[in-house]
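Colleague: Dock chain to chain to rebuild the complex, using the hints, since each chain is given by itself in its own frame.
Residue numbers (our numbering), protein chains in the order written: chain A, 213 to 839; chain B, 87 to 433.
Think of the hints as simulated: they come from the structure by calculation, not from any bench. Mixed in with the good hints, there may be bad ones.
[Said to hold, decoys possible] With a straight-line cut-off of 27 Å between C-alpha atoms, the simulated DSSO-like cross-links for lysine-lysine are: (1) K649(A) - K411(B); (2) K237(B) - K312(B); (3) K104(B) - K662(A); (4) K417(A) - K411(B); (5) K502(A) - K412(B); (6) K415(A) - K382(A); (7) K415(A) - K420(B); (8) K645(A) - K412(B); (9) K415(A) - K502(A); (10) K420(B) - K645(A); (11) K326(B) - K415(A); (12) K322(A) - K817(A); (13) K411(B) - K418(A); (14) K736(A) - K835(A); (15) K412(B) - K649(A); (16) K129(B) - K104(B); (17) K415(A) - K412(B); (18) K420(B) - K418(A); (19) K736(A) - K800(A); (20) K418(A) - K412(B); (21) K411(B) - K502(A); (22) K411(B) - K645(A); (23) K502(A) - K420(B); (24) K312(B) - K332(B); (25) K417(A) - K412(B); (26) K420(B) - K649(A); (27) K417(A) - K420(B); (28) K428(A) - K382(A); (29) K451(A) - K104(B).
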Amino acid sequence: MSEINLKSQLKPDSNPGRIEELEAITIRFAGDSGDGIQLTGMQFTTSTAMAGNDLSTLPDYPAEIRAPVGTLPGVSGYQIQFSSREVLTPGDAPDVLVAMNPAALKANIKDLKKGGLLIVNVDSFNSQNFAKVQYAKNPLEDGSLSDYRVIPVELSRLTGNSLAGLPLTKVQVERCKNFFALGMMYWLYDRPMDSTLRWIESKFKKNPLLVEANHKALHAGNAYAETAEIFGHHYRVRKAPIAPGLYRNITGNEATALGMVAACHLSGLELWYGSYPITPASDILHELSKHKNFGVKTFQAEDEIAAIGSTIGAAFGGALAATGTSGPGVALKSEAIGLAVMVELPLVILNVQRGGPSTGLPTKTEQADLLQVLYGRNGECPVPVVAAATPSDCFNMILEAFRISIKYMTPVFFLSDGYLGNGSEPWLIPDAKRLAKIEVPSIPSSADFKPYKRDEATLARPWASPGLAGYEHRIGGLEKAEVTGNVSYDPDNHERMVRLRAAKVNKVVQDIPATDVLGPRKGKVLVVGWGSTYGAITAAVKNCQARGQAVASIHLRYLNPLPPDLGDILSQYEHVLVPEMNMGQLLKVLRAKYLVPAVGLNKIKGQPFKVSEIEAGVESILKGRSL
Amino acid sequence: MEEDITALPASGPMLSRKDFVSDQLVRWCPGCGDFAILATIQKLLPSLGIPREKYVFVSGIGCSSRFPYYMNTYGFHSIHGRAPTFATGLKCVRPDLQVWVVTGDGDGLSIGGNHLIHALRRNVDIKILLFNNKIYGLTKGQTSPTSEQGKKTKSTPQGSVDYPVNPVNIALASEATFVARAVDTDLPFLTEVLRRAALHKGLAFVEIFQNCIVFNDGAWAEVSEKALRDDTTLTLQHGKPLVFGKDKNRGIRLKNGFVPETVEFEPGKPPRDLLVHDEKAPNATLAHLIAHLERPYFPVPQGVFRSVERPVLHELIDEQVAQAKKAGSADLQKLLAGSENWVVRSA
Ligand SMILES: Cc1ncc(C[n+]2csc(CCOP(=O)(O)OP(=O)(O)O)c2C)c(N)n1
Ligand code: SF4
Chain A
213 MSEINLKSQL
223 KPDSNPGRIE
233 ELEAITIRFA
243 GDSGDGIQLT
253 GMQFTTSTAM
263 AGNDLSTLPD
273 YPAEIRAPVG
283 TLPGVSGYQI
293 QFSSREVLTP
303 GDAPDVLVAM
313 NPAALKANIK
323 DLKKGGLLIV
333 NVDSFNSQNF
343 AKVQYAKNPL
353 EDGSLSDYRV
363 IPVELSRLTG
373 NSLAGLPLTK
383 VQVERCKNFF
393 ALGMMYWLYD
403 RPMDSTLRWI
413 ESKFKKNPLL
423 VEANHKALHA
433 GNAYAETAEI
443 FGHHYRVRKA
453 PIAPGLYRNI
463 TGNEATALGM
473 VAACHLSGLE
483 LWYGSYPITP
493 ASDILHELSK
503 HKNFGVKTFQ
513 AEDEIAAIGS
523 TIGAAFGGAL
533 AATGTSGPGV
543 ALKSEAIGLA
553 VMVELPLVIL
563 NVQRGGPSTG
573 LPTKTEQADL
583 LQVLYGRNGE
593 CPVPVVAAAT
603 PSDCFNMILE
613 AFRISIKYMT
623 PVFFLSDGYL
633 GNGSEPWLIP
643 DAKRLAKIEV
653 PSIPSSADFK
663 PYKRDEATLA
673 RPWASPGLAG
683 YEHRIGGLEK
693 AEVTGNVSYD
703 PDNHERMVRL
713 RAAKVNKVVQ
723 DIPATDVLGP
733 RKGKVLVVGW
743 GSTYGAITAA
753 VKNCQARGQA
763 VASIHLRYLN
773 PLPPDLGDIL
783 SQYEHVLVPE
793 MNMGQLLKVL
803 RAKYLVPAVG
813 LNKIKGQPFK
823 VSEIEAGVES
833 ILKGRSL
Chain B
87 MEEDITALPA
97 SGPMLSRKDF
107 VSDQLVRWCP
117 GCGDFAILAT
127 IQKLLPSLGI
137 PREKYVFVSG
147 IGCSSRFPYY
157 MNTYGFHSIH
167 GRAPTFATGL
177 KCVRPDLQVW
187 VVTGDGDGLS
197 IGGNHLIHAL
207 RRNVDIKILL
217 FNNKIYGLTK
227 GQTSPTSEQG
237 KKTKSTPQGS
247 VDYPVNPVNI
257 ALASEATFVA
267 RAVDTDLPFL
277 TEVLRRAALH
287 KGLAFVEIFQ
297 NCIVFNDGAW
307 AEVSEKALRD
317 DTTLTLQHGK
327 PLVFGKDKNR
337 GIRLKNGFVP
347 ETVEFEPGKP
357 PRDLLVHDEK
367 APNATLAHLI
377 AHLERPYFPV
387 PQGVFRSVER
397 PVLHELIDEQ
407 VAQAKKAGSA
417 DLQKLLAGSE
427 NWVVRSA
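Excised from the complex, chain B in its bound form (with noise of 0.2 Å):
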């Protein structure tokens, strides 16, 4: 975790969990997965340095797009899918501001893809944390654009027709420069990664496997359950070997090019051709590669799939600005008057 907190605006009074919760009654269904991102985020700014006015939570609609009212911070609550346009405009007229965006898959992918894409490839200076549950929760039931081919649902009682989208590979391949993917049941792993999102100068953008107790009840259970995880997730981490397992003894390489494949070892004696992560690459290859590990054949990976640095948008918007205004003074009666005028004297 090496990220330069001097990027970060000045520190204020010292915070506690405490001033990060709202007056507002939570409204999720009891044991939603949404409560412990809450209290995650609720936990984690205050550790930030951040002063809690600077931080505005930016949402769509859907039960995860609760969120703001449940943050005593600045918050937007907007309209479906477009959250991510709010907060790119904010972010551009107010660099000061920490701006986050909450999404579901429904929000974020179906109505919001569009945007989605477009705030990622512009490197908006803003946080997208997408609460991926596989279903539509708020409208009770529905398939999503993550729910699996052949998923029975209210909308498809005889199995979902549709291919799912994996998210992780739609912000690589809109050029995210962070992104990163955590589970709402492993809540200090998920606090190491949203404050890595925090820190990060750009769009970092978090994809939070997050359970609808209601509607889409286990939909993660293989890699959330603590029982099992261990065997079906993969924890990365930056120059580190790609090895999974309760035992530490399986691990990913390549055969034929660019096929992976699971090998596994004696513990403590990894073979020397593991495939080796790599969070700073210059291009996004092997982290779609790594992002394209899916079950039941691979763990799931979990942890920061990229994490690169290019100029975001608002620094080069203020620059073609501070450009414009060194070439040419602000006058606006020169403005006004134009390059072509003329005299009509009085008769």
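Chain A extracted, bound-state conformation (with noise of 0.2 Å):
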């Protein structure tokens, strides 16, 4: 609950070699792109999965892929919170930065809370890599840091000391150098390593120098935390009371493919997955071309349009259909999934957001594209629209996703974002056996068959495709006449055409489950989100709770159409405040819909909220001050 108001920690110790124990810590490993700076906070991830605690990671990259070395814009970083408790965000400021070099000092520092840890690579500061970031002089000499416990290691050095006698090159010695830093914090945070040894036996198998090399940098950087004695003591952070069962660690794209290939097996139809490459989306392609034993068709489009024409094809051809890209390629499917709408296909379009507008951000989160989705298209085109809430709920989100397409015979959007794509979390394994069956409705026979005859309950049209006798129709984006499916041009046709397409997607409703309310049922403020800033809310309105606040939150999973009990909840507070990193696109559709005079809490850095901001923005109201 209260995962941020940490104890106070790190103080210098006066008993060396003590352990002393910690409730929760952050984390942040920062350097240039090449310094392998992703991969070092995914090992030291998995590692503290598995010594039990709850975590939540955020990688941040940048959008160049080799920027020059040493200068700010090619700095990369890993942050992670873990816990003995429950752990919602990967935290707000770091307690420990690790900066590989000036630059990641430079750029970082200011996010380091004082008193916090300064792990630095003292080999990589000199006078050349000030210039690159205008140190005009040694930040570990000039005071600037004294705010701050330094640690100064000879990094390359050590590393290249502990690999001695190895036939390597000056530039694979260099490489090890994370695993030394990661072999550090080992020890200082009590981390089993067989995780990581396994990993890179398995990473360099073709080249047994290389896992010699990595392992003794690795097992180096942990003797030298314990013997250097440069920490005084190490901690301890106890497991997390966490459900028992077995998990595993997930990003939210991993969790989004994973839930593709369940659906695959939930409905027993062949998957075709269309898309064209884009940041944050692409891992989904990567990983589902992974899967084709599962009976997983992947293509790899010319454009964004032909990925989703593609699909829509699949989708009249009988497939479980599903395109995915980020907010320039759904501005390029608008056109199709307009014809999606009017032929009534199933289909998912997947949407992983970034910063935008244009190229925007590209490897940043956002919650900028709502409105995209929901009403970016030409004509009245209603779509359903799920999001996911954390990396592993992109699973049962995408299921969903493709229930409710398949179901009501529509292309519906699944909402993620960059963040929760590239951020991770500890999964419970579901059991495959118990997930639930995905349903494809039947037929009629060929003679009750008409392709715009609607189900009652529904109002989905028959999914009949191409190759069975007797069923022979044409499909397209002309005006279609009800029943028949001819194309009309009947005024009275297409008002109701129009009003029966709407009429479909708000069926949805009777699928959406009772929101849940985090909180009192009724009281001073209702903090409203969606999305990836699920875990900064919960957070904060639980921190607000324990303070005895009247605050309560509920976090929307169905975004069209909104969730039937939203109108009673909302009217139950004297205050909406709903946060997004967006200028207010949810805020807009609720006071619209509502008529509340619920208020946006906006932020649109490209980075994820902090606990302490949705906090402060709940006391403001609170206070009756203005946002």
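Modeller: This is how it looks when you write it as structure tokens:
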């Protein structure tokens, strides 16, 4: 609950070698994008998960693949919070910063908590690197870091020493230094190293020399931290009280891909995934391409239009069909989405949102495509929209998207974002046998078949794919006559069809579960979130509640249609606060639909909310201040 | 015509042209060349022995793209220029279907040029018919990518400044495995070309010269009118020299390397150095050279420019799926569990 109210920690210690207990800790690894920071972070995460802590991560990498070495644009970061309690976010501010070079220091030092631990690779602190980031003097010597506990480590030299005698090039030695650093961190936080040792073995299977080198560097770092007594003592974060079961660590993009494979299994249909590479959605294409043994077909199209075109074609052919992209790709797909709405075929469109407009911030997160997916098409073009709240929730919500699409014969948007896609958390692995089947409705006899004759309960039309004798029919983007599906320009028919398509999407409300309210059912403030802000909002609201404040929160996973109980819930609170990583898109929708005087808390920095920022927002409302 | 008929799905009951006529009123302008093409296809399909329900006609937007509505088969009238993308997804998940794409010169070469190139290079097992009327019909008469430079249209009152492309050459440059051309006025010939397209395994691309009687009447008159066409067209035959003319007394040969020229000879006695057509040539150089024969200096070639075999997209995809299935069983629980996991025991 009090994940940000950490006990004072990392004070110099008079009792070296002692293990100090901590409740939660946030570490940020930062370095040049060539330094293997993401890899280091992920290894630390796996070991931490295996040590039984709850955790959450935030990778933050530059858009450039290799910006000039040592410069600010080239800095890559990876933050993890782990705890003996429930963890909902990657942590507001790091307690520990590992900076591999001056650029990493300069880019990240402002975030480090006062009194925090700063581990730097002094071997990269030279005048050349200072010049690249406009450090006039060596920041390790000019007193500017006096608020922190600075631990300078000669990372390059020590790594080199540990590998002496191995026939390695200078570059190869240099590449091992992140494992030396990781070894140190493993000692400092009392983590097991086995998973990383195993990872090194499988990664460098073909090159035993590199296995040996990286193993050595890892062990050497570990031993150095223990024997050099630079840290005084080390820390233990006890296991978190997590529900028993088999766990793994999972990113949102992985969970999304696995959800799609599961959908294949649960529907008994073959999956077609048409996509065009785009950050931060490409990983879904990569992951799915590995699972063709499950009857998955992946297709890297020539562009996003072809990607969705192939997907609609596959849906026409009776396959489970999906296309994935980010905002710019959604823009390209919008005409085809309109067609899919018109021909009423089931498919899922994934939008892993990133900062916009235009190319925007390709590697940073944002929630600014909500209005795009709700309204960004010509004509009245309603599409159900669902959004995942956490990385592992991507698995549930992509399944839900498929289920809705098939039941209601409609394209469905699945919203994720860069933070969910790349961020990770431990996941209680579901029992495949207990996942609900995705029912594929049967079609009427050919004598009763009419392409646009609807099911009464869902208003869905029958999904009769080519190849069935007696069901020959034509579909297309021109307005359809009700029932027959023939082209019709009749004015009354058009109005009826526009209303029918909207009514069909609204029918989805009958599938939406009751909204969970965290906190009192009535009170001063209700915080309403959607998407990846879940962790920060939940942690903040729990903190407020712990202080005795009458604050509750709800988190929307269904954004079109909205949950049927939402209006009632909103009316029970004096104030409604809507934090979003945009200028207030859900806010607009809520105000328009429910006529509530909701207010927005908006952050548009390409970075997720901090818990403290949401708490400050709630605090302001409680104190009657405007935001 | 020596294609392998066994590659096609098993034959169903005998069908006739009527079975392929839908109940929809055909809404093209009276006299539009599209009618003749529609009738030709409705007559051809019953002779192929493929059950009617296995046919799907996919189109984009344009007059020509209304085609699927008039066929009593499965049909998909999609959006402007994108028909090949829908056809690709459909064929890859449903290899049992015979998928035809109908497109126009604007639809296929302008807005949809990108998709056309990629469908061709991937050798998707579909048939693409490009109805070329050198004009935008549905939007009432603007210049198209095949309109000649200087063409006066509604959007180019002073004449088009854009240089045209030749659809056959685009197809050849995109590594198409079957490329042909026919004219909407010579129905027996069109039928034969379409039959071969239907029997080709892989992407078959056919350019059909089509008359738009309203916005570009007579655009093809020189090569489509009976009285003229013997001298203005050249019918390609595999393994035969390039000979044309009412009296079969003219031919094409190369001078100075790759420069084609027309020669006249005594009927029945062609010179030995005439170019000989080879539609099976492993590379498309000869086909390109022939495709560049254009009016007014040369007769316009029609028939099959190229017909070669290459693995088709859906088979390559299926092969990878089969390989993956052989390499690893589809155990969902195992997949969900991943390679790094841990057990949390109850406290
Ligand atoms: C996205 C989009 N842009 C423009 C149009 C308008 N439009 C419809 S058909 C067409 C051109 C058709 O020309 P062509 O492909 O040559 O077919 P034809 O009508 O001549 O058979 C255009 C520009 C459209 N339907 N969609
Ligand atoms: S406008 Fe031209 S192409 Fe279109 S239907 Fe009329 S004649 Fe045919």
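Colleague: None of the hints should be skipped; say for each whether it holds.
Modeller: Hint check results:
For the hint linking K649(A) to K411(B), the alpha-carbon distance of about 23 Å falls within 27 Å, and the restraint holds. This hinted pair checks out: K237(B) and K312(B) have alpha carbons roughly 25 Å apart, not beyond 27 Å. This hinted pair checks out: K104(B) and K662(A) have alpha carbons roughly 21 Å apart, not beyond 27 Å. Using a Cα cut-off of 27 Å, the hinted pair K417(A) and K411(B) holds, with the two alpha carbons roughly 24 Å apart.
The hinted pair formed by K502(A) and K412(B) meets the criterion: a straight-line CA distance of about 13 Å does not exceed 27 Å. Taken as a hint, the K415(A) and K382(A) pair is honoured in the structure, with Cα atoms around 20 Å apart against an allowance of 27 Å. Of the supplied pair hints, the one linking K415(A) and K420(B) holds, its CA atoms being roughly 21 Å apart against a limit of 27 Å. Between K645(A) and K412(B) the CA atoms are separated by roughly 23 Å; this keeps the pair inside 27 Å, and the hint holds.
Annotation: proposed proximity of K415(A) to K502(A) holds, straight-line Cα distance about 17 Å (limit 27 Å). Distance hint between K420(B) and K645(A) is fulfilled; the C-alpha atoms sit about 12 Å from each other, no more than 27 Å. Simply put, K326(B) and K415(A) have alpha-carbon atoms about 59 Å apart, too far for the 27 Å limit, and the pair is violated. For the hint pairing K322(A) with K817(A), the CA-to-CA distance comes to about 16 Å; that is within 27 Å, so the pair holds.
Only pairs whose Cα atoms come within 27 Å are accepted, and K411(B) paired with K418(A) is accepted, the gap being roughly 25 Å. Between the alpha carbons of K736(A) and K835(A) the distance comes to roughly 11 Å, so the proposed pair stays at or under 27 Å and holds. Restraint check for K412(B) and K649(A): the C-alpha separation of about 26 Å stays at or below 27 Å, so the hint holds. At roughly 8 Å between alpha-carbon atoms, K129(B) and K104(B) fall within 27 Å of each other, so this suggested pair holds.
Straight-line distance between C-alpha atoms of K415(A) and K412(B) comes to about 24 Å, which keeps the hinted pair within the 27 Å bound. At most 27 Å may separate the alpha-carbon atoms for a hinted pair to count; K420(B) and K418(A) meet this at roughly 26 Å. In summary, the hint linking K736(A) to K800(A) is supported, as the alpha carbons are separated by about 21 Å, within the 27 Å threshold. Under the criterion of a C-alpha separation no larger than 27 Å, the hint pairing K418(A) with K412(B) is consistent with the structure, at around 24 Å.
Pair hint K411(B) plus K502(A) holds up; C-alpha atoms about 11 Å apart against a cutoff of 27 Å. Of the supplied pair hints, the one linking K411(B) and K645(A) holds, its CA atoms being roughly 21 Å apart against a limit of 27 Å. Restraint check for K502(A) and K420(B): the C-alpha separation of about 14 Å stays at or below 27 Å, so the hint holds. For the hint pairing K312(B) with K332(B), the CA-to-CA distance comes to about 11 Å; that is within 27 Å, so the pair holds.
Distance hint between K417(A) and K412(B) is fulfilled; the C-alpha atoms sit about 23 Å from each other, no more than 27 Å. Of the pairs offered as hints, the one joining K420(B) and K649(A) holds, with about 18 Å between alpha carbons and a cut-off of 27 Å not exceeded. As the CA atoms of K417(A) and K420(B) are separated by approximately 23 Å, the hinted pair is consistent with the 27 Å bound. Between K428(A) and K382(A) the CA atoms are separated by roughly 16 Å; this keeps the pair inside 27 Å, and the hint holds.
Annotation: proposed proximity of K451(A) to K104(B) is violated, straight-line Cα distance about 75 Å (limit 27 Å).
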